[in-house]
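The whole structure should be built from the sequences, with the hints applied where relevant.
Each protein sequence line maps, in turn, to chains A and B.
Start counting the first sequence at 1; every next residue gets the next number (my numbering).
Start counting the second sequence at 323; every next residue gets the next number (my numbering).
Calculated directly from the structure, the hints in this document are not laboratory data.
Worth double-checking, as some hints may not be accurate.
[Claimed, not checked] In silico DSBU-like cross-links for lysine-lysine, where the CA-CA straight-line distance does not exceed 35 Å:
| id | chain 1 | residue 1 | chain 2 | residue 2 |
| --- | --- | --- | --- | --- |
| 1 | B | 440 | B | 894 |
| 2 | B | 561 | A | 92 |
| 3 | A | 234 | A | 215 |
| 4 | B | 582 | B | 510 |
| 5 | B | 845 | B | 825 |
| 6 | B | 458 | B | 899 |
| 7 | B | 845 | B | 440 |
| 8 | A | 176 | B | 582 |
| 9 | B | 899 | B | 825 |
| 10 | A | 215 | B | 325 |
| 11 | B | 514 | B | 582 |
| 12 | A | 219 | A | 128 |
| 13 | A | 162 | B | 582 |
| 14 | A | 92 | A | 7 |
| 15 | B | 458 | B | 514 |
| 16 | B | 325 | A | 219 |
| 17 | B | 325 | A | 128 |
| 18 | A | 176 | A | 92 |
| 19 | A | 128 | A | 15 |
| 20 | B | 582 | B | 825 |
| 21 | A | 128 | A | 234 |
| 22 | A | 162 | B | 894 |
| 23 | B | 899 | A | 176 |
| 24 | B | 440 | B | 458 |
| 25 | B | 582 | A | 92 |
| 26 | A | 15 | A | 92 |
| 27 | B | 440 | B | 899 |
| 28 | A | 176 | B | 510 |
| 29 | A | 224 | A | 128 |
| 30 | B | 894 | B | 561 |
| 31 | A | 162 | B | 899 |
| 32 | B | 894 | B | 514 |
| 33 | A | 176 | B | 894 |
| 34 | B | 561 | B | 440 |
| 35 | B | 894 | B | 825 |
| 36 | B | 899 | B | 514 |
| 37 | B | 899 | B | 845 |
| 38 | A | 234 | A | 224 |
| 39 | B | 561 | A | 176 |
Only a predicted model underlies this, so the values are computations on that prediction, with no experimental measurement involved.
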Amino acid sequence: MLQYFIKRFLAMIPKILVISLIIFFGMSLIPVDPLTITMDPEQLDGLSFEALEELREEKGLNDPVIVRYVRWLSDLCHGEFGYSLITGAPIKDLIISRIPATLELCLVAIVLASALGIIMGCFSALFKNTLVDYGNTVVGLIGTSVPGFFFGMCFIMLFSMKLGWLPSGGRMTMGKTAFFDRIEYMIMPSLCMAISLIAYLLRLTRNSMLDVMNKDYVKTARAKGQNERVVFIKHCFRNGCTPVVLCLLGRINYLVAGSTIIETVFNYPGMGMLMVSSITANDMPTAMMCIFLCSVVVLFISFLGDVAIALLDPRVRFGKEA
Amino acid sequence: MKKWIALLLVLVMLVGIFAGCAKKEETPAETPAPAEETPAENEETEAPAEEEKEPEEAPAEESTGDDYLKIGLQLNDTLSGLKSTYTAGYTTMLQWIFGTLMRYDTETGEYVPALAEKLDISEDGLVYTVTLRDAKFHDGTPITADDVIFTFTNAICGSAGRVSKLSAIEGFAEANAGEADTVSGIQKVDDKTVTFTLTQPNSVFVEALANGTFGILPAAYFEGMGASEIKDNAEFWAKPVGSGAYMVDETAYPNYIVLKANHDYYEDPAIETIVATYYADQEATNAAMIAGDLDWNLGLEEEAALNILNQNSNLTGIPVETSYHRWFLCNTSGTAVNQQSHPSLQNARVRHALDMLIDKEAISQLYGSLAEPMTTHVNPNAPAYNSDIPLWTRDVEGAKQILEEEGYDFSIPLRLYANYTDQLTADFLELVVQNLAEGGVEATYTIDGNWQAYLESADYDLRYMATSSLIPTTFYELNSVAGLTSSTRASYPDGAEFEAYQKTRYDDLITAYKATLDPAEQKELMDQLQYNGYEDMYDIVLYSLGSYNIYSNRWTGMPVFSSDYSEVADFKFSDWKLN
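Right under this line is the structure:
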């Protein structure tokens, strides 16, 4: 099993290298002096042309591109992400201030999606071919067809502007910094992020539960006179949810990637919004670092998902090894 | 059965969609009576924009339950120094944290002492003596002459804030060039008194003493630090110690900043707490305004403002006139700089003809009811306007005749350039192209956000520009030799002849304007400047663009002013009230 994990981990490395190559060459195309990206702008103020040229030589900015790439990669590994073109702040500080917001939003979205998707799927299976089932089918269709940001705009218009129940955006305000105090800020964006996942889990759970409910051991349990509720929870639900959980783990990275637009719609100051605002402001170094980090995070989450799947489902790892 | 249920569901969805899309009946925005024009009473400056009334006191609305004022900030704003990137919210908030020596009362049109107890100006207009109040910083330490000297010296040496406004001070050039650590014209008399000595009289210098970018800093926190170190002092800026009406209580970037009233300020603020929330962009701020999450939004375009007002009846919108206007810079440099430059543009009569062809009324309508055609850089509604200059009128036939008399080369297309990349600008340029075509002038246009590329190449004939200023001479400095900047130099002819001509027509008049404190003399000089600008027509001035200020009905007492005054206005903190 360890071998399997190591193989999966090592498989990530070439992908990260390819992404870093794309990012590096993308940054080389930015029409600004690379000194302003790699150094604190305040240190460059007032320097003469010759001094700037010396600095470029010292920093190796005139070196061959491969040498510069390797050096840049090494700096990345040491946490040197460069400086924002707009604010002059270290990009690392900007990113660190935003990561918690994105993580908590994704976490809440996962919890919401899991709870709602699985519960609705179970009800669909239990009440197959009834109004409940058809209603959930419609919800599922809408959830997969309509983009999340559209829901976001509708929610803002309805719950913030018209009804005034929830804030229109942001993550916190004075006196509302604790996690549970900030729930009102998280409800709408996390729901929007979760909607497509809810729709997906709903269908998956329904089909999985229906499959399990027709199994012989379920019929046996009923024949033995067990309460229908016990049959459902003890036999159907526990077995039916395993493939659902496995698929959920494989879809988490979509949430991280999808946070960009949702955070922008809701003015939620996370990584996604940082990426969008830096692109809008032509702060390309910041934008590219965000893209790079998001790619790495998505890859890593995929890896964790594979690990979890392998731990839960031996068929996955033994099938590969066979 | 299944089919009927499915049909029913579809019907319900359709009804829901149509109900949601139904247009809300538009209610007229709440606006007070039109602002009255009041002549500027201050001898030293002439305010181009009109004075505005305070908003009529709206009936007390239901309390939102928040007993603090809520404002918005742009996400790129931090408290990391008095940097040059501003939005209205950030500049204003800094002025609430760091007080200035003087302020501008937008209701009376006079500069009034703030942290200064009084300001004396010598007879020759060269020496400004500032006597400080017994005021304190937020940490309780007294504000002294050393702090004032430190603030202005740091600004000059570090080129921080609106440093060009201090250029009249003796020793400015050496300090700004890094050749001196002190400014010889700024001297301490005693712990409470500072003098500013100018190289020549400057009637607009008081504006510098009121400018929010020169809020008084506590020198004790920056001992031994250079200008760049001051900006980078993260420890200080995490919770800065200021000298203004409000102190920073809590910072949670990128979420919000909390300000608390400084009751030791000379004017006791009436509202105890202000919460400034960060927003990514103007759209997010507008949405928050509609949702009732903000109490204030300045300088909005008409369409956005009316959209907000129509959706939240707890807001009041006030249209304000500003000095902001747009114009075409004519490339008169000839083919020396760019081979493709239209040779006829060097002829002033041709430029007049183009001015007559462009339909400024139609263009103004594109930008809404707050846009008005202009003839010179000074708004025709402003007292400073030279009424001897005939207001612009469109005359296609007259323009054609002039073009033919002057031998305009119709075979060469006129090239228009704009760096604004929005659709409205594209529509505007299309309209101008059509207007010019009516006079037989073929024109093309380019929209390119990379304006730096055009600085030296001057690869245009007419370049779309915008400007605003509290001081009317600023516009004519664009035509003066002294005012030519890297973004405009290439558009003008080279050579001593041009410089001598501009010096007589603009530089000398601007110098004379700033040197006199006599309003009648200033009017005469401003009239002449406008007339010269009109005659030369290096700039085809198009339209002025006002804006909307929006306030929540629960907040009263804040003076209404345009963005022209956002860096100098007296905010009258003690008059504020939250209902």
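Hint check: residue 899 of chain B vs residue 514 of chain B, CA-CA at most 35 Å. Holds or violated? holds, 33 Å
Need the status of pair residue 561 of chain B, residue 92 of chain A: alpha-carbon distance at most 35 Å? holds, 21 Å
Below or equal to 35 Å on CA atoms is what counts here, so check residue 582 of chain B against residue 92 of chain A. Holds, at roughly 31 Å.
Taking 35 Å as the top limit, are the C-alpha atoms of residue 162 of chain A and residue 899 of chain B close enough? Given that 35 Å is the threshold and the Cα spacing comes to 26 Å, the pair holds.
Distance restraint between residue 128 of chain A and residue 234 of chain A, which requires alpha-carbon spacing of 35 Å or less: Measuring from Cα to Cα gives roughly 20 Å; hence the hint holds.
For residue 899 of chain B and residue 825 of chain B, compute the direct alpha-carbon distance and say whether it is at most 35 Å. violated, 51 Å
Has the given pair, residue 215 of chain A with residue 325 of chain B, been kept, meaning a C-alpha gap of at most 35 Å? This hinted pair holds, its Cα atoms lying about 30 Å apart.
Given the proposed pairing of residue 582 of chain B with residue 510 of chain B, does the C-alpha separation stay at or below 35 Å? holds, 32 Å
Does residue 215 of chain A lie within 35 Å of residue 234 of chain A when you go C-alpha to C-alpha? holds, 14 Å
For the pair we were handed, residue 440 of chain B and residue 458 of chain B, check the Cα-Cα distance against 35 Å. Roughly 17 Å between the alpha carbons, so the hint for residue 440 of chain B and residue 458 of chain B holds.
Straight-line alpha-carbon gap residue 845 of chain B to residue 825 of chain B, limit 35 Å: Distance ~19 Å between residue 845 of chain B and residue 825 of chain B Cα, so the pair holds.
So if I understand the rule, the pair passes when the alpha-carbon distance is 35 Å or less; does residue 458 of chain B with residue 514 of chain B pass? holds, 12 Å
Checked against the numbered hints given earlier, the structure breaks hints 9, 19, 20, 28, 35, 37 and satisfies all the rest.
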